[in-house]
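Model the full structure from these sequences, guided by the hints.
In order, the protein sequence lines correspond to chains A and B. Numbering (the numbering used here) for the first sequence: 2 to 286. Numbering (the numbering used here) for the second sequence: 2 to 286.
Since the hints were derived computationally from the structure, they do not count as laboratory data. A hint or two may mislead.
A pair counts as met if it fits within one copy or between any two copies, since identical chains are not told apart.
Below, in silico cross-link-like pairs of lysine-lysine (DSBU-like), each with a Cα-Cα straight-line distance of 30 Å or less [what the hints assert, rightly or not]: (1) 236 to 41; (2) 40 to 248; (3) 276 to 236; (4) 201 to 146; (5) 137 to 276; (6) 4 to 248; (7) 248 to 276; (8) 276 to 34; (9) 248 to 236; (10) 276 to 201; (11) 22 to 167; (12) 276 to 254; (13) 236 to 201; (14) 167 to 201; (15) 201 to 74; (16) 248 to 74; (17) 41 to 276; (18) 236 to 254; (19) 110 to 167; (20) 241 to 41; (21) 40 to 22; (22) 201 to 101; (23) 74 to 146; (24) 254 to 101; (25) 74 to 4; (26) 160 to 23; (27) 248 to 201; (28) 201 to 137; (29) 276 to 241; (30) 34 to 101.
Protein chains: 2
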Amino acid sequence: MEKLVVLGLGLIGGSLALDLKKRGQFKVFGFDKNPEHIKKSLELGVIDEEISFSEIADADVIIVSVPVNVVGKLVSKVLDIVSATTLVFDVGSVKNEICKEIANHPNRKNFVAAHPLAGTEFSGPEAAILNLFDEKVNIICEADKADWRILDRAISLFKMLNMHIKMMNPVEHDRHIAYVSHLSHVSSFMLGKTVLEIEKNEQAIFDMASTGFASTVRLAKSSANTWTPIFLENKENVIKSLDEYIKNLNEFKELIENNDAEALNESMNSTNYIKSILNGIKESN
Amino acid sequence: MEKLVVLGLGLIGGSLALDLKKRGQFKVFGFDKNPEHIKKSLELGVIDEEISFSEIADADVIIVSVPVNVVGKLVSKVLDIVSATTLVFDVGSVKNEICKEIANHPNRKNFVAAHPLAGTEFSGPEAAILNLFDEKVNIICEADKADWRILDRAISLFKMLNMHIKMMNPVEHDRHIAYVSHLSHVSSFMLGKTVLEIEKNEQAIFDMASTGFASTVRLAKSSANTWTPIFLENKENVIKSLDEYIKNLNEFKELIENNDAEALNESMNSTNYIKSILNGIKESN
Numbered sequence: 002m003e004k005l006v007v008l009g010l011g012l013i014g015g016s017l018a019l020d021l022k023k024r025g026q027f028k029v030f031g032f033d034k035n036p037e038h039i040k041k042s043l044e045l046g047v048i049d050e051e052i053s054f055s056e057i058a059d060a061d062v063i064i065v066s067v068p069v070n071v072v073g074k075l076v077s078k079v080l081d082i083v084s085a086t087t088l089v090f091d092v093g094s095v096k097n098e099i100c101k102e103i104a105n106h107p108n109r110k111n112f113v114a115a116h117p118l119a120g121t122e123f124s125g126p127e128a129a130i131l132n133l134f135d136e137k138v139n140i141i142c143e144a145d146k147a148d149w150r151i152l153d154r155a156i157s158l159f160k161m162l163n164m165h166i167k168m169m170n171p172v173e174h175d176r177h178i179a180y181v182s183h184l185s186h187v188s189s190f191m192l193g194k195t196v197l198e199i200e201k202n203e204q205a206i207f208d209m210a211s212t213g214f215a216s217t218v219r220l221a222k223s224s225a226n227t228w229t230p231i232f233l234e235n236k237e238n239v240i241k242s243l244d245e246y247i248k249n250l251n252e253f254k255e256l257i258e259n260n261d262a263e264a265l266n267e268s269m270n271s272t273n274y275i276k277s278i279l280n281g282i283k284e285s286n
Numbered sequence: 002m003e004k005l006v007v008l009g010l011g012l013i014g015g016s017l018a019l020d021l022k023k024r025g026q027f028k029v030f031g032f033d034k035n036p037e038h039i040k041k042s043l044e045l046g047v048i049d050e051e052i053s054f055s056e057i058a059d060a061d062v063i064i065v066s067v068p069v070n071v072v073g074k075l076v077s078k079v080l081d082i083v084s085a086t087t088l089v090f091d092v093g094s095v096k097n098e099i100c101k102e103i104a105n106h107p108n109r110k111n112f113v114a115a116h117p118l119a120g121t122e123f124s125g126p127e128a129a130i131l132n133l134f135d136e137k138v139n140i141i142c143e144a145d146k147a148d149w150r151i152l153d154r155a156i157s158l159f160k161m162l163n164m165h166i167k168m169m170n171p172v173e174h175d176r177h178i179a180y181v182s183h184l185s186h187v188s189s190f191m192l193g194k195t196v197l198e199i200e201k202n203e204q205a206i207f208d209m210a211s212t213g214f215a216s217t218v219r220l221a222k223s224s225a226n227t228w229t230p231i232f233l234e235n236k237e238n239v240i241k242s243l244d245e246y247i248k249n250l251n252e253f254k255e256l257i258e259n260n261d262a263e264a265l266n267e268s269m270n271s272t273n274y275i276k277s278i279l280n281g282i283k284e285s286n
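Now the structure itself:
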């Protein structure tokens, strides 16, 4: 059995642990500064055993799945002690900062910067689910900075989970992901906030939450502890995407104010084009 | 068999036709100014027969399911000719305008102003599906303005579809629905527009459209012909909700600019409260 360590037993780390444990090839150890997460993970069979940080050096695989503002520091500490053959990878939603942080580490070659595009709006080890990564895309940044055997091991593991692999440079990654993931989260959080502020009468929300609200506001259930550092770490791109979004909202509002039915129709019609692009994408995550 | 007429064979009209036809109690006639809709509806078994407007007067039930900017005029024309016992109801997403428009019609008592809170992002008779209304809320406005037997007939029909019924005054309805439905649609359309504008590289959208984008942008696939008149007819409320939404987005952006992790966390944490309110709501519609 290979020794696999998961540092951070949240939704992503927990789901990786659960899924890889099932394969039978790994003994899965968990580390989390929150003792409740360890307890829950053991109870739910997400991990086989708890592990202390000093015991991880000889692991075959170490997964770093902690909030993006601490991932750089933790990966460095891990690289300080790991064996020459240990694969270390992270799963963070922002990639440029982490790549810069560990760029000059003597064991940089043991590290693969990864971002599995998968998740739900839930958090903690109790949110861990099987098959979360099935058929999802995993973005690998700066693949050429990893030792080829380390990278190959990472790819094998991702393929074991039936993921698609896409190589990307971290600057490009952060710019794209701001639009297609981070902006979605802000828009959803602020939609939830706006409706909560106005609709003091909660029963009305419950009654009227069909026709779209529930799905559009779904991401507003996401963990603030996960998303605060993501927005700050990808600050420049998130702000740029927000500026564009707010500009479009203001323009749309003006069209309504001016009763410009034709332009409203045209704006929505051309956006319908998103349909053909998203066609075939599973909406489950 | 009772004679049921559906004027306007789109997603809602078509789904009502399909579902009520299945019950065996109605012969379902369809009317639509688009001959393609009639053809498709007959092909798909959404209606039993086409009908001309001059033949509808003796119907037992007439459903008016056309865009909200024409519903008032059409309901008036229908009320001009219907028999004393005919139930006429609409399904529009804005209610105050229609209620005002037909307020003084001599046959006002034949009309029930309804808004079934159900739908998908698809449109036209080919989008018609069975069980769309199952367990959904149907809002009835100005129920007291309808003859009690007419209203009772409407309620029987809605209960046959397993809908919950909520009475509401039309001004309240339009104010609430702006926040929980119309705003969701604007936010989703503008999210789609923003991402389309920036991500010229469509392959990138496809690859990166997990973790939330697909569900948050789902409503941007909705029909521009349906939604343009809704936004214009509920103009005042939609603009107010948009102002609040844009204000919240700007405030959130400022928190990111100021690296105010604590306030960002607090904002998202308190919005997480939406979870407990939406708890138990099906996300399918």
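From the Cα coordinates, with 30 Å as the cut-off, is the pair residue 41 and residue 276 best called within, between, both, or neither? Between copies, since 22 Å is at most 30 Å while 40 Å is not.
Taking 30 Å as the upper bound on the Cα-Cα distance, should residue 276 and residue 34 be classified as within, between, both, or neither? between (43 Å within a copy, 26 Å between copies)
Alpha-carbon proximity between residue 201 and residue 74, which holds within one copy, between copies, both or neither at 30 Å: Result: close neither inside a copy nor across copies, 43 Å intra and 35 Å inter.
30 Å Cα threshold - placement of residue 254 relative to residue 276: Classified as both: same-chain Cα gap 23 Å, cross-chain 28 Å, threshold 30 Å.
Check residue 248 against residue 276 for me: Cα-Cα at most 30 Å, and say if that holds within a copy, between copies, both or neither. For residue 248 and residue 276, both the intra-copy (22 Å) and inter-copy (29 Å) Cα distances are at most 30 Å.
At most 30 Å between CA atoms: does that hold for residue 276 and residue 241 within a copy, between copies, both, or neither? both (24 Å within a copy, 29 Å between copies)
Checking residue 236 and residue 201: alpha-carbon separation at most 30 Å within a copy, between copies, both or neither? between (32 Å within a copy, 22 Å between copies)
For residue 236 vs residue 254, is the C-alpha pair at or below 30 Å within one copy, between two copies, both, or neither? both (26 Å within a copy, 9 Å between copies)
Within, between, both or neither, where residue 22 and residue 167 count as close if Cα-Cα is 30 Å or less: within (25 Å within a copy, 49 Å between copies)
At most 30 Å between alpha carbons: which applies to residue 254 and residue 101, within, between, both or neither? Cα proximity of residue 254 and residue 101: across copies only (25 Å, versus 41 Å in one copy).
How do residue 40 and residue 22 come out at 30 Å by Cα distance, when the copy is not named: within, between, both, or neither? Only inside one copy: residue 40 and residue 22 sit 17 Å apart there, 55 Å across copies, limit 30 Å.
From the Cα coordinates, with 30 Å as the cut-off, is the pair residue 201 and residue 146 best called within, between, both, or neither? between (53 Å within a copy, 29 Å between copies)
Figure legend: structure checked against the earlier numbered hints; hints not met, in rising order: 1, 2, 6, 15, 16 and 20.
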